[in-house]
Structures are given as structure tokens and as C-alpha cells.
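**Q** Chain by chain, the residues run as shown.
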Amino acid sequence: MKFSDATQVLILLAIALALADRASGHGFAGARFLPATLSTDDPFVNDELSLPTVSTIETAEGRETAIAVDIAKRITPNLGIELGEEFIDLNPKHEHEASGFGNLELSAKYQFFTSAEHEAIFSLGTEVEIGGTGQQRVGADSFSTWIPAFFFGKGLGDLPDTLSLLRPAAVTGLVGVAIPTSASTRNGDGEIERNPNVLQYGFALEYSLIYLQEQVKDVGLSAPFDRLIPLVEFSFETPLNRGQSGQSTGTINPGVIWSSKYVQFGVEAVVPINERTGHSVGVIGQLHFYLDDLFPRSLGRPLFGYR
Amino acid sequence: MQKRLVPFVVAALSVIAAAVRVEAHAFLVRAEPRVGSKVNKVPTEVRVWFSETVQASVSSIRVFNESGKQVDKKDTHSDRANRAVICVSLIPALTPGSYKVVWRVTSADTHVTSGNFHFQIVP
Chain A
1 MKFSDATQVL
11 ILLAIALALA
21 DRASGHGFAG
31 ARFLPATLST
41 DDPFVNDELS
51 LPTVSTIETA
61 EGRETAIAVD
71 IAKRITPNLG
81 IELGEEFIDL
91 NPKHEHEASG
101 FGNLELSAKY
111 QFFTSAEHEA
121 IFSLGTEVEI
131 GGTGQQRVGA
141 DSFSTWIPAF
151 FFGKGLGDLP
161 DTLSLLRPAA
171 VTGLVGVAIP
181 TSASTRNGDG
191 EIERNPNVLQ
201 YGFALEYSLI
211 YLQEQVKDVG
221 LSAPFDRLIP
231 LVEFSFETPL
241 NRGQSGQSTG
251 TINPGVIWSS
261 KYVQFGVEAV
271 VPINERTGHS
281 VGVIGQLHFY
291 LDDLFPRSLG
301 RPLFGYR
Chain B
1 MQKRLVPFVV
11 AALSVIAAAV
21 RVEAHAFLVR
31 AEPRVGSKVN
41 KVPTEVRVWF
51 SETVQASVSS
61 IRVFNESGKQ
71 VDKKDTHSDR
81 ANRAVICVSL
91 IPALTPGSYK
101 VVWRVTSADT
111 HVTSGNFHFQ
121 IVP
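Taken in order, these protein sequences are the chains called A and B. Residue numbers for the first sequence follow the working numbering, beginning at 1 and rising by one. Residue numbers for the second sequence follow the working numbering, beginning at 1 and rising by one.
What the hints contain is simulated information worked out from the structure, not anything from laboratory work. The beta carbon of each residue, even a glycine, is placed where N, CA and C say it ideally should be. Worth double-checking, as some hints may not be accurate.
[What the hints assert, rightly or not] Straight-line alpha carbon distances no greater than 20 Å define the calculated SDA-like cross-link-like pairs of lysine to any residue that follow:
| hint | chain 1 | residue 1 | chain 2 | residue 2 |
| --- | --- | --- | --- | --- |
| 1 | A | Lys-93 | A | Arg-137 |
| 2 | B | Lys-38 | A | Ala-269 |
| 3 | B | Lys-38 | A | Leu-163 |
| 4 | B | Lys-38 | A | Val-219 |
| 5 | A | Lys-261 | B | His-111 |
[Stated by the list, open to error] Among chain B residues calculated to face chain A with C-beta under 10 Å, some are:
| hint | residue |
| --- | --- |
| 6 | Phe-27 |
| 7 | Leu-28 |
| 8 | Val-29 |
| 9 | Ser-107 |
Using the sequences and the hints given, assemble the complete structure.
**A** What follows is the structure, given as C-alpha cells:
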């Protein structure tokens with residue numbers, strides 16, 4: 001049985017909302033509120049919904065646009081799962097436009113260390129991109145890829161008084177390795193493609209005006225500026241083997257997140273670090289829902305262990 | 001592509017919007033004395049405004065001097081006119097110096113938030 005693209009979108013959204021009916025979304029480490037970042041996965045486990053995340057960038061092959069949805073659900077206060085899917089539109093320079101779904105992404109994350117005093121969070125997680133669940137015309141792989149990763153977050157709220165204006169700063173990031181389950185595959189033209197292990201790493205530098213106003217100095221900011229978090233994200237990938245070692249790609253993404261009671265909105269420029277990554281500046285935007293505040297007595301709680 | 005997706009995204013957002021509650025995490029909006037401020041007049045209380053109604057019975061404001069001694073009267077209470085405001089009285093005649101305010105509040109939806117800030121009394 002085949003479904004149309006629109007039907008698949010409907011089914012995925014229905015699944016997402018059904019899961020949301022038991023899901024939450026703020027990342028706290030003591031006094032530190034860490035927003036959900038757009039380009040690099042954040043370190044905290046929570047109940048959250050990103051709907052949608054829209055990105056577009058001009059690459060060597062042509063323009064690539066993606067519309068993604070991600071939902072995360074806490075199983076226990078420190079263990080969560082996440083489901084992600086994206087709709088991709090490729091507009092190659094010398095070929096016909098193609099659109100379709102990428103592979104379904106499932107992940108689990110365990111937040112094993114949280115220090116309120118030092119505003120620190122460490123987590124371990126694994127993501128699997130399930131091969132064959134997406135459409136090959138938009139580059140979805142026929143094989144699965146596992147991505148074990150280490151996540152971290154640290155606020156600078158414990159700096160001494162002499163450096164108090166740096167206290168609103170924080171860093172979050174991750175280091176992981178994407179391991180394909182197939183070392184090589186044959187593409188549509190019958191050519192052999194080698195699939196390397198890929199080191200994935202990135203971090204976000206943030207300066208929270210929320211933290212500045214609440215914890216350091218009331219500088220008189222009013223709405224909407226008192227809820228802004230300017231940030232720069234750095235997102236990189238480096239193949240490790242199979243003839244592609246060292247051929248890094250990546251982007252540097254300066255932007256801003258605005259956080260309100262129930263949602264946050266973020267927008268960033270996407271600046272390629274080299275020709276291999278892209279030819280011009282792209283953009284990414286995201287609407288993100290805090291399910292813990294939207295549904296505090298149902299979806300916004302862990303399934304087990306809620307205190 | 002966009003035309004096909006828009007109805008579904010709008011429908012999903014509408015479901016979420018319909019579920020919006022009037023409660024959320026309580027964030028500090030402002031404080032008196034103001035966060036990071038220097039004051040000449042010795043305050044008799046610390047008053048903090050939050051973005052949400054807070055449960056005063058399970059919330060606290062504590063104030064410490066530079067040597068770490070608690071200088072509030074341990075009587076955290078809410079403002080009867082505004083349940084998003086909680087206050088704590090200070091012991092009389094605080095001396096010039098830096099004071100640290102440590103707050104921890106539980107909002108109506110049971111979410112806990114915390115934080116701290118300093119103010120200074122100058123001669």
C-alpha cells in the first residue's frame with residue numbers, strides 16, 4: 001500500500017501529536033535556562049516539539065530546502081526518546097526538482113549528570129536513522145546509520161563577581177560518530193558509493209539576556225528584548241575513513257532565539273565553512289513548543305518517576 | 001511542496017494553540033531592590049515579581065550578607081494583591097555592603113524555578 005506525500009505528512013503529525021498527548025520542554029540546570037538550539041542537538045532531556053524547522057541553503061548541486069518536525073518525550077526525568085522526520089525539496093541546477101521524505105530518525109538520550117550549582121548538564125545518547133524509510137530521490141539512504149553521541153551544556157553563572165557580565169553566557173554542544181550499517185552501496189547509476197564513518201561535532205555559544213536581567217543586572221530591557229538569547233552555532237562533520245578522510249563540511253550559524261511562556265522562535269543565518277558545504281548563506285528558522293508548560297499535568301510529565 | 005504541507009502544519013499548530021494553559025514556569029520579571037543595583041536607602045524587604053502566580057507556601061526568598069549570614073526574617077509571603085509577587089522582610093539596620101538574594105519558587109502548575117542576584121547598599 002502506497003501513501004501520497006500529503007497522507008504521510010498527516011500520519012506523521014498524527015503520531016507526533018498522539019505522542020505529545022503524553023509529553024514537556026524546558027532545559028534547566030539550576031538557575032540556567034538553556035533554550036533548544038536549532039542546528040546542534042541540546043543536552044537536556046525533556047518534552048518538546050519543534051514544528052516546523054525550516055532550512056534552505058544553496059549547495060554545489062543546487063538549492064536544498066527542508067521542513068522538519070521533531071518531538072521529544074521523557075520516559076523518566078532523565079531518560080527520553082525523540083522522533084524526527086523531514087520533508088526535503090531538492091532543486092538541482094541541471095536536473096528536475098525532486099521532493100520527498102528523508103529517513104525517519106529515532107533517538108534516545110540519558111541525562112546522567114546535572115549540577116545546579118555549576119549550571120552543567122552531561123548526557124549520552126544514540127540516534128538511528130532508519131534506512132529505507134525515506135525516498136531515494138531526495139538522498140535518503142537505503143541503509144541505517146547509528147550515531148552514538150556525548151552532549152554537554154555549561155552556563156557561566158559560577159564566574160566570580162569581577163566577571164559578572166559574562167555570567168549570562170553558556171555553551172552547549174555534542175560530539176558523536178555516525179556509523180553506517182553498510183560500508184558501500186550501489187547508486188542508481190550502478191556506481192559503488194562508499195559510506196564512511198563520520199565524526200559529528202558542534203557547539204552553540206549563547207548570551208542570555210533573560211539571565212542578564214534575572215540574575216546579574218536589571219538593565220531595563222523590556223519586551224520583547226528581555227526574552228532574547230543571541231547565539232552562534234557551529235556544526236561540523238568530518239568523514240573518518242573509506243577514502244573521504246578529512247573532507248570536512250560545516251556551517252557557522254549566527255542568530256537569535258526569542259523565548260516566551262509556551263514557545264520559542266529561533267532564526268539563524270547558515271554560513272558554509274567551505275565550498276564543499278555550500279556556495280551561499282542559507283537560513284534556518286524554527287518554532288518550538290514547551291510541552292511541559294502547554295500540558296503540565298499530562299503530556300508535559302515523564303511517563304515514570306515524576307516527582 | 002509548500003502548498004501541500006501548509007494545511008497540516010496549520011492544523012497541528014491549531015491543536016497546540018487550543019491546548020494553551022494559563023500556567024507556565026515562573027520567571028523573574030523584576031525585583032526591588034533591582035537586580036544588580038546599588039541603593040542608598042536601606043531596604044526593609046526584598047520583593048520579587050514573577051511572570052506567573054507562585055505558591056508562596058512552597059517558595060522562598062533568602063538574603064545573605066557578604067559573610068554568608070542570613071539577614072532576612074524567614075517570612076517569605078505573597079502579596080495579597082498580586083499572587084505573582086512574593087516578599088521577605090529584612091532584619092533592621094542592614095549595613096553597607098553586598099547582599100545575595102536566593103529565590104526558589106513553585107508556580108501554580110508545580111514547575112520549580114530558582115535563581116539568585118545581588119544588590120549593594122552603599123553609604
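**Q** Can you give the numbers of the hints that this structure goes against, from lowest to highest?
**A** Going through the list in order, the structure violates hint 2 alone and respects the others.
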